[in-house]
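*Asks:* Heads up: the protein sequence lines correspond to chains A and B, in order.
Per the working numbering: the first sequence ends with 496, consecutive numbering throughout.
Per the working numbering: the second sequence ends with 1029, consecutive numbering throughout.
Since the hints were made in silico from the structure, they are not lab data.
These numbers were taken from a predicted model, which means no experiment stands behind them.
Just so it is clear, CB atoms sit at the ideal spot from N, CA and C, and this is done for glycine as well.
Be aware that a few hints might be false.
[To be verified] Using 25 Å as the maximum straight-line C-alpha spacing, the simulated BS3-like pairs for lysine-lysine come out as follows:
no.: 1; chain 1: B; residue 1: Lys549; chain 2: A; residue 2: Lys171
no.: 2; chain 1: B; residue 1: Lys312; chain 2: A; residue 2: Lys104
no.: 3; chain 1: A; residue 1: Lys266; chain 2: A; residue 2: Lys171
no.: 4; chain 1: B; residue 1: Lys743; chain 2: B; residue 2: Lys815
no.: 5; chain 1: A; residue 1: Lys469; chain 2: B; residue 2: Lys815
no.: 6; chain 1: B; residue 1: Lys312; chain 2: B; residue 2: Lys883
no.: 7; chain 1: B; residue 1: Lys34; chain 2: A; residue 2: Lys104
no.: 8; chain 1: A; residue 1: Lys142; chain 2: A; residue 2: Lys244
no.: 9; chain 1: B; residue 1: Lys883; chain 2: B; residue 2: Lys34
no.: 10; chain 1: B; residue 1: Lys615; chain 2: B; residue 2: Lys230
no.: 11; chain 1: B; residue 1: Lys113; chain 2: B; residue 2: Lys920
no.: 12; chain 1: B; residue 1: Lys494; chain 2: B; residue 2: Lys113
[Claimed, not checked] Now the in silico label distances, taken between C-beta atoms and shown as ranges:
no.: 13; chain 1: A; residue 1: Leu488; chain 2: B; residue 2: Val314; range: 34 to 44 Å
no.: 14; chain 1: B; residue 1: Val444; chain 2: A; residue 2: Val435; range: 48 to 58 Å
no.: 15; chain 1: B; residue 1: Phe244; chain 2: A; residue 2: Phe63; range: 52 to 62 Å
[Said to hold, decoys possible] Derived list of chain A stretches under chain B, where covered just means 3 residues or more per stretch with a C-beta under 8 Å from a C-beta of chain B:
no.: 16; region: 233–245
no.: 17; region: 299–306
no.: 18; region: 317–329
no.: 19; region: 375–385
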Amino acid sequence: MKKNSRLLFAIITTVALTACSKDFVNTRPTNAVPDDQVFNTIDNAETAINGTWAYMFDTYFTFAVPGYKSIHLTSDAMGSDVALTTSYGFRDAYTFIEMVDNTKNRVSAYWTLLYKVIDNCNLFLSKIDNVPGDDAKRKYLKGQALTLRANSYLTLASFYQFGVNTNGNTKTAPIYLEPSNPGTQGKSKSTLIQLYQQTISDLETAIPLLGQYDRPATMKYKIDVHVAQGLLARAYLYSGQYAKATTPAVAARDGYPLMGSDDYNKGFNDISNQEWIWGQAQTPTQNVAASNFNFLDVSTPVAYYKSFKADPWFRGYFESSDVRTRLFEVSHAGHMLYKKFRFRDPGAMVADLVLMRSAEMYLIEAEAYARSGNAGKAKDALNALRTARNASPYNGNGSVTDTILLERRKELWGEGFSLSDILRTGGTVVRKPFVNFQGKDSIIPVPFPDGTIDSVHVIGHRTLALPDKSPFKPFSNYYLFSIPLSELQNNPNINN
Amino acid sequence: MLQRLLIILLLLGPLAAYSQVRTVTGTIVSAKEKEPLPGATIVVKGSTKGTVSGPDGSFRLEVTDPAATTLVISYIGMVPQEVPVSTTPLRIELQASGKNLDEYVVIAYGTAKKSSYTGSVSQIKSDELVDRQVSSVSKALQGLAAGVQSASQSGQPGTDASIRIRGVGSINASADPLYVVDGVPYGGNLSAINPFDIESISVLKDAASSALYGSRGANGVIIITTKKGKVKGSRIDARVSQGFSKRAVKNYETVGTDDYFQMYWRAMFNTQLANNRDSLTAARNASAGLVDELGINPYGSKYPQPVGTDGKLVAGAVPLWNDDWDKAMQRTGHRTEANLSISGATDNTRYFISGGYLDDQGIYLGSGFKRYNVRSNIDIDARKWLKVGLNLSAAHSDQQAPPSEDSRSDNYINYGRLMGPMYPIYVRDPNTGAYKLDANGKRVFDYGDYRPDPANPRTNLVQTSGIDRHDTIRDDVSARVYAEATLWKGLKFKTSYSADYSNRQAHDYTNPTLGFDAEVGGTVSKGSFKYFSWTFNNILTYETTFNEKHHLNLLAGQEAYKSTYSFEVGNKSGFSVPGLDEPAGAALISNFDGYRDSYALTSYLGRAEYDYLGKYFFSASLRGDRSSRFAPGKNLGTFWSLGASWKATEEDFLKNSSWLNLLTLRASYGGQGNDNLGATRYYNYLPLFVVNSNLGQGGTYRNALYNPDLKWETNLNLNAGVDFSMFDNRFGGTVEFFIRKSKDLLFSRPKPPSIGYPTIDENIGALKNTGVELTLNAVPVRTKDFSWQVSLNMTHYKNKITELPQAEIISGTKKLMVGRSIYDFYIREWAGVDPKTGTALWHYTNKDGSISDTSNYSAATQYYSGSSLPDVYGGLTNTFNYKGFSLSFLIVYSLGGKVLDNDYTFLMGTGSAGGRAWSKEMLNAWTPSNRNTDVPQLTTVTNNFTANSTRFLYDASYARLKSVNLSYNLPKSLMEKAHLNNITVYVQGENLFTLYNHKGMDPEQTVGGTTYYRYPAVKSVSAGINLSF
């Protein structure tokens, strides 16, 4: 009897467990949601825009590639005015051995990041029309997704090819407008002109959709009509449609007056700056993007790398009255510090990131007028900015276009325009040794705040030629961002 | 013991002659483990009369022949012993004769006799583990079992070695074996298991042995079985050992201050030349700028320009200090271990209770491991038909594990290694070199805010390693409870519930006043990571013999498994006041996160084993698993095996062979699975959005493409082997051949990143591992007092990709192609240094196929450059016994294969990282007078000279004296006076000697052949005593 009851127990247990086995293995993640829970209401769908944005800015690919903003740092590291140190980070971009090498992490990181944003926008745009909810909100969310996609295509157009004048019909990068699925094949590259056309078409579609959207003043990361107008101004300028660039440039800066001279010295770390049109704020708990300041910030002790030292020659472009001149300082070690970027809260390693501000819009307007033959209006726009910076107005000496391009370098140093300006204008990187008239290293007596005067051996550019030892020249392939090897290997259509 | 026997012999010898029928009784035990030997034969010498010992090792034999004087006691795998016939109860201890060939081995859901088992199992016994100075049992497996590849990449106390059984059958899914403790998959930490508690470790390598573990068995199974009480009465064992440890192999050789200054001068000079200065200006600028660039003048203010324009130190300049930071970051580690166990049995209870303590201090400052263990294993015969048992163990460990597998600048291993020798550890007088002392007369640590970035300014880990914390505190509790009922003759039902709970608390703290995080006021991170897993299973077994010829053993059962992982972690910074190291003391929250995840399996399993006359053995097994890792409809997998063996020595024509003791041929085939894509990718069958947020607003985004068709990766294993033993079991071994094919690989298939996602998980591709394993055991010398045993194992295998979704896939330093191995390096090929210019060259292949050199790294061609897999690896154990002395040593070896040493590249920089230490090899850098060299010229400009290429690919062959043990058993006569069973004193050494090629790098690196700034292996010497009473 005992034995039988034992057997019975065994059978019952076995059967009982069998019954629940299918549910038993039905587990669900707690840190991710299925897509049908995202695209079920308009409010939930909005999280897809926030999330894509947060991915874009706050993802470390490595500590030297802290998200989208580091593209801008790469752009300046590959220009003329940053004399990068050998510290960790952008040193290989600076010497032009990184972005040319399609096996490097930075190369694949930027490509992946830009296209992941594009696909998330494509997915959003394909779903949003069928999501129940408020149509007004649907409209501007759509506008935001289109603008975000346009930003990726504009970035591709800016760094992966030279300008439209010389290379407009050169195949540059593929365009995707539908969301990817497991069967999606890689597409062939579109031309540079097609990339700009896509950018402009997205933005022109977005602008009316964003018209009624009034973003909260503290949320400058949200895309509104000013952001879309600013991107459109860039796209027209970069693609050579100068006449069309001025209107959106003016529209973009409407309501964002140029900052005062004190604000210029506050470290470029605060999204509440009146001139900032678009930016990403950071907090102690969300500060991946802020870690770009570890490279940009050369004066706050907490910054890890402080590698973005200025070229000593760069200082010579400024008049002493210019408010920007106050940011220069020579360190004991001989580095030319341009203290434009400083952590806002060093203890928490927090600083906000600027993406677009009025000064750039004035410069776009000026350049667009200059290039379309309206030197007078160009001068006005340029001088509006120069006046605000307490620099003497441009009075017609020298080429107005060259003056504007130099003013861009001066005003937008560290904000990511160096390389893209060189590429689109067919310009060249210029790096001269910092030597005295005898060809020797410059040793300069420098007064320090503690009252001492020290003879300092001032450090300039450490790389004065391309890796193949040839001098810097226009249209060098070393300037271009390369397409990663994984794309070439896995996309048979890429070069079709 | 021997003396007692002799006395017995003297006393009883004469008496015996007068008896007609003498009854001899006694117990037969193994000499080493003191455990009863059931099935030993006791034969009257010169006759065929005899008996076999019972389950408790006891026997009773009636000797009718009055002339008989001697009994021969034998047991397979043991040295036969002759004892005089006596009527006093005997206790006979048999010595092992090398590796035991007819042992019982623990297998999936049971045990089997090794000599006839159809599957492939290697067993490691407790005596091979117990003396080892390791804190994780995984580190003791190396070299002891054929087919097992163990890499102890880290010498950090308390870390595990990574184990690979018969190669790697997966490209993206896990290659780790399944660990089973006391019959059930183990969810705790390996380092929580005290090696002292381990009875045996079985390594299951083929399908017949591991298919019963189904979806988790593809990478092989390691079964750890803990000790049980066996012998009636109680026995107490105590072990205490003390030891010391140091780095096993020397660090890379680096240059001193004098060489450093002259080399850095050269680097600056070359940079100036490259920037088109004339050589006089260049030399002047280099001499003038040198001290500024390096931030320090260790030659004193008397020599403001210590290196002249000729690039040489100026006359009279002598460095006032030349510090060795690497040495300063290290110390002699100290190790203490103590274990105590009480084990035994009563009529219906068997028990083993133990406690252990380990304090293993690391050789680097701020590292170490402490562990406290308790265990209680109890089996009770509750009724004649019912057995119940409970194994309960708990461990608490406290590991100090500073960053050591990371490229971050506070990596404790790199910190000292990479610091230039001209930077003083303590503040010095810049003119005299005298130490600056504080008010208490103590030296003051130098935080070097003058040091350039590569030399970590404002830090001094030599001091802060004693203040900061990098602690991992683990608590592990494991329970195994079972009840086994005999329902009918041979029909048993066993139900068991097992649970493993493991909590890991990570506590990292950097202080607010000194070093790396002083600027942010210190940081603290505290996290709690909890793992709980349970297994409930119900197994019916039936064993019967019919017609005295057919033996049948059946097993059927059902099992459910669930594991839940949950964590929360928070980070804060900005301590209000110094001296606090918990989050409560810090002001600013910088991170808080946590989530929970579960993994569940339900399974059915069955096995049938049949043998005919103990000659022909057949086995078959089947298991069905339903897993939570795949979509409904795809989540049911079936795994199976078939095996057969033929014990040829049971055949009449071999049975009476005078020299051959055992010959078994066996083969098996079957399929196991692998569902382990890694903890972060459980749900790739669902269209998921990752949840994040932006500035307090909720966010989601798509980070990966999903694949609803994902299913198991399947391994198909073929195993064929021969076991043999001959010459009184003095020579024997096993030869096995295996083909391990894996298909439907859980593969991260590359996609063009422009579609948004660089990979998608699919079941594609196939791999094949083919190999041979050889194990040989011999007893070359065996006399009364002296014996010498040798055991050798070697494994050779090849890994081959047999199917890929596309022609080639480059991943990191490897390229996958059909016909190649997943371990084939695919990197640029170093072509040396251009004698004309001193720049580095690499090869590239022109369109016409010819090969040229290029100085443009990114234009160089990548080539297949050899494999990280060794040609052959294994271990060699020698044991010598002389009277009470025993000397044994284990040599492990790995021959062939390559390693890409990225650690070394840091020391081989060309000068762009001023302040970082330089390897001595850099002294040979190119100069116009030293043109034929393999080291490019020095320069302060960053370049690709140290980028991945064959320049840093080295031969990974090595042989290492893994362990040496010299022990002495005190004589019995002394023991008895002290009421002790046994006293052994011993001296033990680990990693004492290493033969290897590439100096500076510890040769034990990952199976994949890459380095990652890891804590190097340590060598240790310790002495201990074992008491048994």
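*Asks:* It remains to establish, for every hint, whether it holds in the given structure.
*Replies:* Going through the hints against the structure:
1. B:Lys549 to A:Lys171: 80 Å, violated
2. B:Lys312 to A:Lys104: 39 Å, violated
3. A:Lys266 to A:Lys171: 42 Å, violated
4. B:Lys743 to B:Lys815: 19 Å, holds
5. A:Lys469 to B:Lys815: 31 Å, violated
6. B:Lys312 to B:Lys883: Violated. Lys312 (chain B) to Lys883 (chain B) sits at ~65 Å, over the 25 Å cutoff.
7. B:Lys34 to A:Lys104: Given that 25 Å is the threshold and the Cα spacing comes to 62 Å, the pair is violated.
8. A:Lys142 to A:Lys244: 24 Å, holds
9. B:Lys883 to B:Lys34: 17 Å, holds
10. B:Lys615 to B:Lys230: 30 Å, violated
11. B:Lys113 to B:Lys920: Violated. Lys113 (chain B) to Lys920 (chain B) sits at ~57 Å, over the 25 Å cutoff.
12. B:Lys494 to B:Lys113: Roughly 21 Å between the alpha carbons, so the hint for Lys494 (chain B) and Lys113 (chain B) holds.
13. A:Leu488 to B:Val314: 34 to 44 Å: Violated - the Cβ-Cβ distance for Leu488 (chain A) and Val314 (chain B), about 54 Å, lies outside 34 to 44 Å.
14. B:Val444 to A:Val435: 48 to 58 Å: With Cβ atoms ~40 Å apart, the hint is violated.
15. B:Phe244 to A:Phe63: 52 to 62 Å: Since Phe244 (chain B) and Phe63 (chain A) have Cβ atoms about 38 Å apart, the given range 52 to 62 Å is violated.
16. 233–245: violated (count 0)
17. 299–306: Satisfied; 4 residues make the cut.
18. 317–329: n = 0 at 8 Å, threshold three: violated.
19. 375–385: This one is violated; 0 residues, fewer than the three required, reach chain B with a Cβ under 8 Å.
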